[in-house]
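*Asks:* Here is what each chain is made of, one letter per residue.
Protein chains: 2
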Amino acid sequence: MPKTDPYSDELLRMAATLYHVDGLGQQEVAKLVRVSQTKISRLLAAALERGIVHITVDQYQARNARLEHDLCSRFGLETAAVIKTAKQAGGDAARQTVGHFGAPFVAATLPKTGVVAVGGGRSVAEVVQRLRTGESRRLTVVQAMGSIDSNISAVDALELGRALVKRWGGEFLTLSTPAFVSDKKTRDFFLASDQIKFVWQRMRQADAALVGVGGLASSVYIERGVLSHADIAQLRDSGAVGEICGRFFDAAGKECKSRWRDRTISIEIEHLKKIPQVIGVAAGADRAPAVMAAMRGGLLKSLLADEALAVALLAN
Amino acid sequence: MPKTDPYSDELLRMAATLYHVDGLGQQEVAKLVRVSQTKISRLLAAALERGIVHITVDQYQARNARLEHDLCSRFGLETAAVIKTAKQAGGDAARQTVGHFGAPFVAATLPKTGVVAVGGGRSVAEVVQRLRTGESRRLTVVQAMGSIDSNISAVDALELGRALVKRWGGEFLTLSTPAFVSDKKTRDFFLASDQIKFVWQRMRQADAALVGVGGLASSVYIERGVLSHADIAQLRDSGAVGEICGRFFDAAGKECKSRWRDRTISIEIEHLKKIPQVIGVAAGADRAPAVMAAMRGGLLKSLLADEALAVALLAN
DNA sequence: AGTTTATTCGCATAGTTATTCTAGTGACAA
DNA sequence: TTGTCACTAGAATAACTATGCGAATAAACT
Chain A
25 MPKTDPYSDE LLRMAATLYH VDGLGQQEVA KLVRVSQTKI SRLLAAALER GIVHITVDQY
85 QARNARLEHD LCSRFGLETA AVIKTAKQAG GDAARQTVGH FGAPFVAATL PKTGVVAVGG
145 GRSVAEVVQR LRTGESRRLT VVQAMGSIDS NISAVDALEL GRALVKRWGG EFLTLSTPAF
205 VSDKKTRDFF LASDQIKFVW QRMRQADAAL VGVGGLASSV YIERGVLSHA DIAQLRDSGA
265 VGEICGRFFD AAGKECKSRW RDRTISIEIE HLKKIPQVIG VAAGADRAPA VMAAMRGGLL
325 KSLLADEALA VALLAN
Chain B
25 MPKTDPYSDE LLRMAATLYH VDGLGQQEVA KLVRVSQTKI SRLLAAALER GIVHITVDQY
85 QARNARLEHD LCSRFGLETA AVIKTAKQAG GDAARQTVGH FGAPFVAATL PKTGVVAVGG
145 GRSVAEVVQR LRTGESRRLT VVQAMGSIDS NISAVDALEL GRALVKRWGG EFLTLSTPAF
205 VSDKKTRDFF LASDQIKFVW QRMRQADAAL VGVGGLASSV YIERGVLSHA DIAQLRDSGA
265 VGEICGRFFD AAGKECKSRW RDRTISIEIE HLKKIPQVIG VAAGADRAPA VMAAMRGGLL
325 KSLLADEALA VALLAN
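As given, the protein sequences belong to chains A and B, one line each in that order. Count along the first sequence from 1, then add 24; that gives the number in this note's numbering. Count along the second sequence from 1, then add 24; that gives the number in this note's numbering.
Fair warning: there could be bad hints in the mix.
Identical chains blur together in the list; that is why a pair holds if it fits in one copy or across any two.
As the list claims (entries may be wrong) - Pairs of lysine-lysine residues, derived as BS3-like cross-links and limited to a Cα-Cα distance of at most 30 Å, are as follows:
(1) LYS55 x LYS190
(2) LYS108 x LYS55
(3) LYS108 x LYS63
(4) LYS190 x LYS281
These are computed hints drawn from the structure, not numbers from a lab.
Generate coordinates for the entire structure from the input sequences, incorporating the hints supplied.
*Replies:* What follows is the structure in structure tokens.
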């Protein structure tokens, strides 16, 4: 509620005029108004808030509609968001830009209510971080993938799910397991537990999913020491070109048979395909093969990407 | 002419949006755009300059039209500018505010060409300081009053005249004399010199004058050690209520006979009355008697004042 | 090509602005 | 009156932004 505003519009207009129009510094304005610079700073903020000062920026179209359209029609996506990035932006900067401008897209694409599965990944993290808090939804967020290692980082599904419900409200169902375990037996043991079974259940009913699409190169798994270069090479040999939630798939989008498959605790590719809305997030041209495969296999319904990736995907 | 702008509008829009709309800091924007913070600062400046960013402030009416009208009709002024000031603003702050918002009024009221006599004073200094440079006029500026003491300050007519032609162009005729000399003889000696006579000549033909109106209290002459309190008392006894260019006048606006009169080198009250446009500048309610008298005597054609003074003048 | 001139860049840092923190003020209840 | 709360102001200072400067690069000229 608008509490008693102690400053008159007149005063605000005077201060704002001196500052913005006449170009004086706050210190100088302060002298004329006979108050502290501190207060001028606050007056100016109030003036902006109250609409006495308007700052408008020519519409910046952060998304490349042409590429979005091409992606949708070419790969049968429901929707796509292609975020323009600075020329030299790669890696981190690209992910951040995609996160920043892509967040509204994700917010609009995810349902207001229902079950949402959330995977991990750097790109996804950048998006979730920037979802506007305040908006309230009745979501059931499900962790779609165990934790990558015991040292939980901000890009793990666990953290992202937590962050999501913190922003939008709702409940968060955690998967209190690692993403990779030593063998099938252990995996089955985990899956047999009541808690996991319950979460698994809900995951099958998910109305939507938000996942990152990983490639084999520059894999976050190597970075975090979960997989070795040799492991990657082996996966590549078995046809893998990409990964979602730790599930590796081949160029057709079919999950690869590999010694990892049965040791992974995360949403299965076949499950994912059945979720009505799956938003894949990725940035960087080097993800093209992975994303291409995921789209071919129908794993994704929507895509959030940067221009470089979009161009690479369409380049054939 | 718009030189080759090295930045694309697109880039500017992106940076400006991130900064102004999304509220990121320059450092954060810099990360996304992959350039230094320095450059973002420059990009934002360029965006403002190029009109990609607009900052507008609700019209602030710096002048009190009602009081201006009342002053004009009551005292027969040609025009008046009454500048609103902050409640607690007195003394210096009031003068500065009057100078700031009054400068456009003075610029509009003074002719584009012709001879302008300029007096000294703190209020006048604040005005002159803020006249927009760039505009070019063909003025002959005449120093209307000698220098108050050998230690020339920024409020002396000498400095103000200099500043005026520096801003607007034109020539400046200096009165290379003190404002007050020891006796009539010395005064006459100065006045007899060719240079002074020449300047005096032009002064008589002045098309306009810009002068401060001083009171007896808080007189700048005391401050600068030219007059003593005793001197002021004596002047008061001889009926003086105010002063313009060192010429003291009584409540009717008639120049006082005093021992100072013949020792003063500055435009004479009778001359001033004949100048078609005389702008008097004053700030502070305590100047009311002086300004009132000046107006009564027809010394001023226009007035630039603050609200406090205007109210005091109209209060009767 | 080899200079010269003009520009652009980012670092270091000066300068400006926002925020934290403490003290002061007034309203109101006891 | 006195205490408590709710709030506002400004001083100190942290945070942020703008600018002088030399290095690097590009453009123009000899």
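*Asks:* Please go over all the hints and tell whether each is borne out by the structure.
*Replies:* Hints and how they fare:
no.: 1; hint: LYS55 x LYS190; verdict: between (44 Å within a copy, 26 Å between copies)
no.: 2; hint: LYS108 x LYS55; verdict: between (45 Å within a copy, 15 Å between copies)
no.: 3; hint: LYS108 x LYS63; verdict: between (39 Å within a copy, 19 Å between copies)
no.: 4; hint: LYS190 x LYS281; verdict: neither (37 Å within a copy, 84 Å between copies)
Violation of the numbered hints given earlier is confined to hint 4; every other hint is satisfied by the structure.
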